[in-house]
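Colleague: Please model the complete structure; the sequences and the hints are all you need to start from.
Here are the chains, one letter per residue:
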Amino acid sequence: MNRSDQDTYEADLESDRILDAFEDALTMSSDQLKHLLRPSVDADEQKAFSAELLAWLYEGGWVRWGWPEEVGGFGGSATVRAQLYERLALRGYVIPDHLYVLEVCGPAVARHAPDLAAEAMPSALRGEQLWCQGFSEPEAGSDLAALRTKAVQGADGNFVVSGQKIWTSYGSRADKIVLLVRTGTAESRHRGLTMMFVDLDGPGIERRPIAMAGGREEIAEIFFDDVPVARDRVIGEVDGGWAVAMDLLQYERGNYAWMRMAATASHLQELLQSADADTGDDPLAAVAVGRAYLSLAALRARTSSTLRRLSADEVVGPQTSVDKLLLSAAEQDVLDASLAVLDTDILIGDDPHDARWRDEWWYSRASSVYGGAREIQHSIIADRILSLPKESSGGR
Amino acid sequence: MDADTRAMLAGSVRALLQSQPADLAAGLAELGWDEVVADYGATAIELLFTEQGKAGVASAALDGVLIAASGGLNPSAARQSLVVHPFGSLASSVGSGRLCVDGVVLGEPTVAGSYVVAADNCAAVYAVPTTSVAPAEPIAGFDPSSSLSRVRFDIAIDDAREHERGWEFAIAAARRALACELIGNGRAMLDIAVEHVGQRHQFGRPIGANQTPRHRLADAYVQLSAARELVQIAYVSDRPWDATVAKTYAGYAVDTTSRACLQVCGAMGLTSEHPLGGYVKRFRTLDALYGSWQQTMRAVGEQLLLARVIPRGVGV
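Going line by line, the protein sequences match chains S and F. Just so we're aligned, residue 1 is where the first sequence starts under this note's numbering, counting upward by one. Just so we're aligned, residue 1 is where the second sequence starts under this note's numbering, counting upward by one.
Hints are computed from structural coordinates only; laboratory data are not their basis. Treat each hint with caution, since some may be false.
Restraint ranges, calculated between C-beta atoms of paired labels, are given here [unchecked claim]: (1) S/Ala21 x F/Gly141: 53 to 59 angstroms; (2) F/Gly41 x S/Ala48: 48 to 54 angstroms; (3) F/Arg312 x S/Gly349: 29 to 35 angstroms; (4) S/Ser29 x F/Trp241: 30 to 36 angstroms; (5) S/Gly154 x F/Asp191: 54 to 60 angstroms; (6) S/Asp143 x F/Ala123: 55 to 61 angstroms; (7) F/Ala15 x S/Asp281: 47 to 53 angstroms; (8) F/Asp191 x S/Glu314: 21 to 27 angstroms.
Simulated crosslink set (SDA-like; lysine to any residue; CA at most 20 angstroms straight-line) [as the list claims (entries may be wrong)]: (9) S/Lys34 x S/Glu59; (10) S/Lys390 x F/Pro206; (11) S/Lys390 x F/Ile192.
For each residue, glycine too, the CB sits at the ideal point set by N, CA and C.
Modeller: Given below as structure tokens:
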């Protein structure tokens with residue numbers, strides 16, 4: 001065994017020890033946490049459940065693994081934290097909403113704005129503050145560099161923000177927003193953007209929840225009307241927002257995809273446990289479940305490689321489009337299998353569990369739209385990995 | 001294995017495969033392959049089968065993988081054994097005191113040795129002298145260049161010698177090797193199609209500048225990449241379940257790839273002079289060995305519905 005093998009071996013043993021201790025802690029606290037296994041009835045209860053579970057995870061120290069000490073963590077590798085989320089989900093708990101946003105935005109905030117991260121992250125990790133991510137706009141979805149929300153810098157160095165964001169997950173209930181705004185001219189495209197961290201309880205902010213087809217109000221539009229933002233709220237450089245966004249996007253492909261994988265695995269496991277004992281005799285059900293599991297296994301294998309590469313500080317680049325496509329395939333295959341196997345209950349059931357299946361089914365449809373639609377990912381792979389002729393070349 | 005060693009070995013194996021040797025095993029022995037396997041284990045197997053897939057050639061190397069993984073035969077007996085592989089819906093079974101065998105062997109069954117047969121997948125493994133049963137029938141079929149022969153016989157179980165245990169792990173090793181070969185085959189098809197749509201022009205622009213061919217080939221790339229990750233997991237865990245998952249997904253990915261490549265290469269891809277057809281035929285053979293992806297995908301679903309729990313994944 002050479003030195004690096006020895007290090008890996010010891011790191012694996014340490015991970016296993018933490019994961020085993022975590023499983024024991026879940027068992028010990030099962031009475032205290034039992035009510036969180038029930039589906040939440042609305043978005044307010046969903047937020048309360050999320051905050052409560054996160055507070056428990058923080059108190060036990062579980063959620064602090066892998067974050068730098070300056071932002072309230074224990075240091076070390078983030079992969080053990082990711083694996084804790086999988087164990088949590090497979091025990092039937094919903095991974096806290098707070099964490100989805102933190103796992104995407106947190107690493108970029110910690111890297112590009114360490115002082116801000118030291119101030120804001122501990123309360124977020126305790127579940128006291130919910131963040132959201134403000135990128136998309138009505139005219140800037142897949143074409144993010146077209147965004148128009150403006151931040152104008154005054155003589156004192158501080159900013160005034162005006163414009164509109166849309167499709168913001170948790171937007172109507174969040175306390176803070178990681179906001180991408182235009183500080184250059186409209187023609188400056190990706191060169192004139194800046195990332196900032198903005199309080200959502202200040203003056204000039206109006207929020208409207210958007211009711212989704214399934215009925216849940218988990219996303220929102222947010223309007224900014226001359227909202228003052230101090231200079232020290234900037235993440236990274238002024239006009240350097242694109243670099244922060246691209247850095248952040250790697251974690252959206254790595255950490256976020258892994259957490260969605262864990263949540264999707266918990267849905268498949270719930271499906272297996274809800275199905276009638278003789279369901280395996282039905283070839284249609286067996287094929288649907290087999291397909292769902294294969295897509296999930298593919299996603300898990302891929303995202304674990306990506307997590308390892310991210311934790312080794314490798315730049316993963318256009319390869320992350322593969323992860324994004326595998327994520328939407330797995331989510332949709334698993335929820336389609338649920339609909340196929342539990343069809344009648346999901347269609348006519350009025351139990352909260354049935355409603356949760358419906359919500360999850362709708363959410364799985366969003367998976368190939370948000371964060372760069374499936375078509376965008378295919379184009380990135382065609383251009384940057386397969387080096388196929390560009391779509392614009394030679395006409396049209 | 002470091003990148004330089006890997007590139008060097010891959011080059012030697014590629015050159016050997018492209019020379020289309022009558023006896024691949026002898027050619028590998030000349031390369032000192034046994035030592036490579038002793039030094040690098042699974043990585044060497046993965047490399048050999050990936051290159052075999054890329055070259056689009058057939059060999060009986062799979063028999064060596066099964067026999068080595070079962071660990072029950074001495075080398076001289078191993079060389080005289082022909083494994084009877086399940087193929088599509090062809091399988092072997094035991095019942096009412098009889099051993100009913102139906103499957104394929106790889107390469108020419110000229111050796112006067114034994115057939116090694118796993119009945120009911122791997123509940124028991126038997127050795128049967130080749131001379132004591134009907135001769136194998138050479139198959140042309142969909143993929144003549146794979147040189148398969150069909151072996152069918154039905155004998156009293158007492159006339160078969162019960163063989164070594166551990167065949168479940170042998171089949172897992174075979175599935176991992178087949179998954180590697182499938183991925184190599186799929187990568188070769190994808191390379192052919194990428195080249196084709198970049199070169200051929202219609203309406204004044206390359207075919208590959210149109211969105212549909214671009215997206216179909218990107219989709220194939222995604223699935224082949226995932227298949228590669230699943231094979232790595234299967235080698236790390238050494239579990240038969242992960243080997244089945246890897247081979248099933250690889251078959252699914254290469255099916256997607258062959259459909260996409262056949263479509264974008266148009267009529268040229270359907271001709272005998274175009275290289276694509278040979279890979280498509282070989283893919284069908286590889287997929288059918290140890291159960292097609294559609295058969296094993298259903299089996300995976302049945303097992304999960306029975307177990308009612310998802311098996312724990314390998315640590316990150």
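Colleague: Could you run down the list of hints and mark each one as holding or not?
Modeller: Here is what the structure says about each hint:
At about 57 angstroms, the beta-carbon gap between S/Ala21 and F/Gly141 stays in the expected band of 53 to 59 angstroms. Separated by about 52 angstroms at the C-beta atoms, F/Gly41 and S/Ala48 satisfy the suggested range of 48 to 54 angstroms. As the Cβ distance of F/Arg312 to S/Gly349 is approximately 30 angstroms, the hint placing it in 29 to 35 angstroms holds. A C-beta distance of roughly 31 angstroms is found between S/Ser29 and F/Trp241, which places it inside the suggested range of 30 to 36 angstroms.
Checking the proposed 54 to 60 angstroms range against S/Gly154 and F/Asp191 shows it holds: the Cβ atoms sit about 57 angstroms from each other. Between S/Asp143 and F/Ala123 the C-beta distance comes to about 59 angstroms, which sits within the given range of 55 to 61 angstroms. Evaluation of the 47 to 53 angstroms hint for F/Ala15 and S/Asp281 yields a pass: the beta carbon distance comes to about 51 angstroms. Here the CB-CB span from F/Asp191 to S/Glu314 is close to 25 angstroms, well matched to the stated 21 to 27 angstroms.
With a C-alpha separation of about 17 angstroms, the suggested pairing of S/Lys34 with S/Glu59 holds against the 20 angstroms cut-off. Proposed proximity of S/Lys390 and F/Pro206 is supported: the alpha carbons are some 9 angstroms apart, at most 20 angstroms. Between S/Lys390 and F/Ile192, the direct Cα distance comes to roughly 18 angstroms. Compliance with the 20 angstroms bound is thereby established for this hinted pair.
The structure agrees with every numbered hint stated previously.
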